[in-house]
Amino acid sequence: MTNVRTDARKRDSLAIGAVRRDFAPWLDPAAKPLIRYEAVTKQYSDFVAVNNLTLNIYEREFFCLLGPSGCGKTTLMRMLAGFEEPTAGRILLGDQVVSGIPPYRRPVNMMFQSYALFPHMNVEKNIAFGLVQDGVPKNEIADRVAETLRLVQLTPFARRKPDQLSGGQRQRVALARALIKRPKVLLLDEPLGALDKKLRSETQFELMDLQVNLGMTFLVVTHDQEEAMVMADRVAVMDKGTIKQIAPPGQVYEQPASRYVAEFIGDVNIIEGKIAEVGEHQVRVTRSDGAGTLLIDLQNEPVSVGQEVAVALRPEKLVLHRDLPTDTPNVLSGDIWDIGYLGDWTIYLVQLASGQIVRVSRANSRRFVEQPLTWDDKVHITFASEAGVLLTH
Amino acid sequence: MSHIPASDSPPDSPSTQIVASAKAGPGTRLVRALVPALPFIWLLIFFLTPFIIVFKMSLSEPATAQPPYVPVIDWSEGLNGLLDALSQFNFENFTLLTDDWLYAASALSSLRIAAISTILLLLVGFPMAYAMAKAPEKHKPLLLMMVILPFWTSFLIRVYAWIGILKPEGLLNMVLQGIGVIDQPLQILNTDTAIFIGVVYSYLPFMVLPLYATLDKLDWTLLEAAQDLGCPPWRAFWQVTVPLALPGIAAGALLCFIPIVGEYVIPELLGGPDSLMIGKTLSDEFFRNRDWPLASAVAVVLLIIVIGPVMIFRELETRRLEKSR
Ligand SMILES: Nc1ncnc2c1ncn2[C@@H]1O[C@H](COP(=O)(O)OP(=O)(O)OP(=O)(O)O)[C@@H](O)[C@H]1O
Ligand SMILES: [Mg+2]
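Chains A and B supply the protein sequences, listed in that same order. Quick note: our numbering has the first sequence finishing at residue 406, numbered continuously throughout. Quick note: our numbering has the second sequence finishing at residue 1138, numbered continuously throughout.
If we strip away everything but chain A, and leave its shape as in the complex, we get:
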């Protein structure tokens, strides 16, 4: 292979994505997980909600569950909280199998997706409920409730009943009520869904701080992948009751294990093709649309010549040119089909000769551009060989 540049070795020494904190017990074979789902299946009368799922979560980990609606995220949590028993398999918390332990004795608190606030109690009483059950002294309850109210910025609403609060305020009460007992494991089912962007981002960081400071283990469900990216140590992408990939957010984004994960997390362009040549560090892929070949870095997975593959390309890793560059092996040519201006970014939708639309994003690093790209302009997209992710399934 002539064009192969050997920068793959250099890549191995680089980290993937951003690393939030120095915390990776899952890489340590000696570390013992705090929560273990061992081949857990949950079947409702005629429907398998969780299918033979195995998952380890470590102490002090911030773990996010991502997945489409109905994929079994809530069911997974309810089994740990004790509201559902697995049909098969077992769940361990520490060294203890949890099945048979009633919910009120499990060192786990859950924030319900529907909030489940007590309508006959005011905000303060709702939040204090868990401490009252444990017989915590009255003045300590008062202190901790006041502190928690401050944390979720609800102090002025302490005396209101839940039906006198907005959706976002109710959500924060639910969060506060689950938080206040500082359980070993906190289960949050879409904790921030109803908050506005600013409050959500504030609360995200509050949650992260809290989790680190109190040494709790968080299992969080979210629909918002950006949120998962920001908060999580690791993310699990679920589909139809199974886990498709478990990895730190950066890795899930930059190294998706499958086409499903690549398409679920963030925007992605998929170019279909067939392996034409396998080199030491790179492969050549013949595009299915007949418009040439691509040179892609080899991933960990072995591939063979003739194999059908998909090349996943993130929009921000693509570069737009007016004139055909000569020094790059990877070129996709087409016309600008649509433009979306987002302020910080501009999204260009480029239509290739085959009709496929490729999404390219470009940071608006300058306020004025001499000759801006516009509709129907002929453009060429280039990308580095390390930008493409080779997906075999």
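Simulated from the structure, these hints should not be mistaken for lab results. Among the clues, some could well be false.
Calculated lysine to any residue pairs in the SDA-like style (CA-CA distance at most 20 angstroms, straight line) [said to hold, decoys possible]:
| hint | chain 1 | residue 1 | chain 2 | residue 2 |
| --- | --- | --- | --- | --- |
| 1 | B | K1030 | A | K257 |
| 2 | A | K138 | B | L1036 |
| 3 | A | K174 | B | T1034 |
| 4 | A | K174 | B | P1056 |
| 5 | A | K257 | A | R272 |
| 6 | A | K138 | B | P1056 |
| 7 | B | K1030 | A | S127 |
| 8 | B | K947 | A | D310 |
| 9 | B | K1030 | A | M134 |
| 10 | A | K138 | B | E1135 |
| 11 | A | K138 | B | P852 |
| 12 | A | K138 | B | L962 |
| 13 | A | K174 | B | L1059 |
| 14 | A | K138 | B | R1132 |
Since the structure is predicted, the reported quantities are computational estimates derived from the model, not experimental observations.
Use these hints to put chain B with the ligands onto chain A, whose structure you have.
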């Protein structure tokens, strides 16, 4: 404010509103005014008027005449007749009620029986309503039907049937003797126990239905949330279920308590000679002694007794609502 020209007034100013409602026409306006008045008119015709008649009677004196009391307002005398009658009214019947221990005793006994029955009804009705609310959705219509079903036979027949069950040679004693639990037949009929059985049986739907209505709306995830926060189920029942079912409990209790206080048929048929209830006393005064004025006084007192709990309930309800503001 005379300096503001009329044309400048905003569209929702009072003057334009008047114009708008004038356009609706007098007929429409009359109907609109009448709709909220309907319940009041209903109350006026079917409750207040009879009550005034009874109250007027309670201020009269018995007489061997037709009707059996004096004075009777002589409308032919016009205003004089009314004034003449008014001057003869007095509260003697009410003082009579306090003189004879029988009336106070039967009032108290009625309240006692009604209170105990209401508690029994709650104890029996709550688990039933709870089970119904927890039942699978597809079974609920059938269960509701079964609660309402007894209404399809006459109340009187159902109470008579209890005589057949409870009498010494009745069904219950036969069964108990048959399986050897007792040697001698139990004397249940013509005791307060029989009244309790009859009352609980007859009023159960009035307790179960409002309870079911509130429990059916209960969000069961609240109980999960309580458990999740360390509250065992029995405590969650008292801290979450009961407070949330309170409106249903109050409605059911009132719906049962009030008519039970004035109950006549059940004590008459199932009770004994010394089961005192104010409904029975009232009917004795009316039909046995033909003392209509005194009976009317008893009826007025009964009404006052019964209105008491309603007022307390209303007061509690408003206070509860105000507290949640
Ligand atoms: N009690 C139940 N009986 C039957 N099926 C159920 C029951 N509870 C959940 N399911 C089904 O199990 C599947 C998983 O439900 P689950 O609530 O875990 O989804 P989820 O991933 O939390 O979805 P969402 O993101 O919408 O909250 C769904 O298809 C749901 O219909
Ligand atoms: Mg869910």
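A quick look at each hint next to the structure:
| no. | hint | in the structure |
| --- | --- | --- |
| 1 | B:K1030 to A:K257 | 39 angstroms, violated |
| 2 | A:K138 to B:L1036 | 16 angstroms, holds |
| 3 | A:K174 to B:T1034 | 18 angstroms, holds |
| 4 | A:K174 to B:P1056 | 14 angstroms, holds |
| 5 | A:K257 to A:R272 | 10 angstroms, holds |
| 6 | A:K138 to B:P1056 | 14 angstroms, holds |
| 7 | B:K1030 to A:S127 | 15 angstroms, holds |
| 8 | B:K947 to A:D310 | 59 angstroms, violated |
| 9 | B:K1030 to A:M134 | 17 angstroms, holds |
| 10 | A:K138 to B:E1135 | 17 angstroms, holds |
| 11 | A:K138 to B:P852 | 40 angstroms, violated |
| 12 | A:K138 to B:L962 | 43 angstroms, violated |
| 13 | A:K174 to B:L1059 | 17 angstroms, holds |
| 14 | A:K138 to B:R1132 | 19 angstroms, holds |
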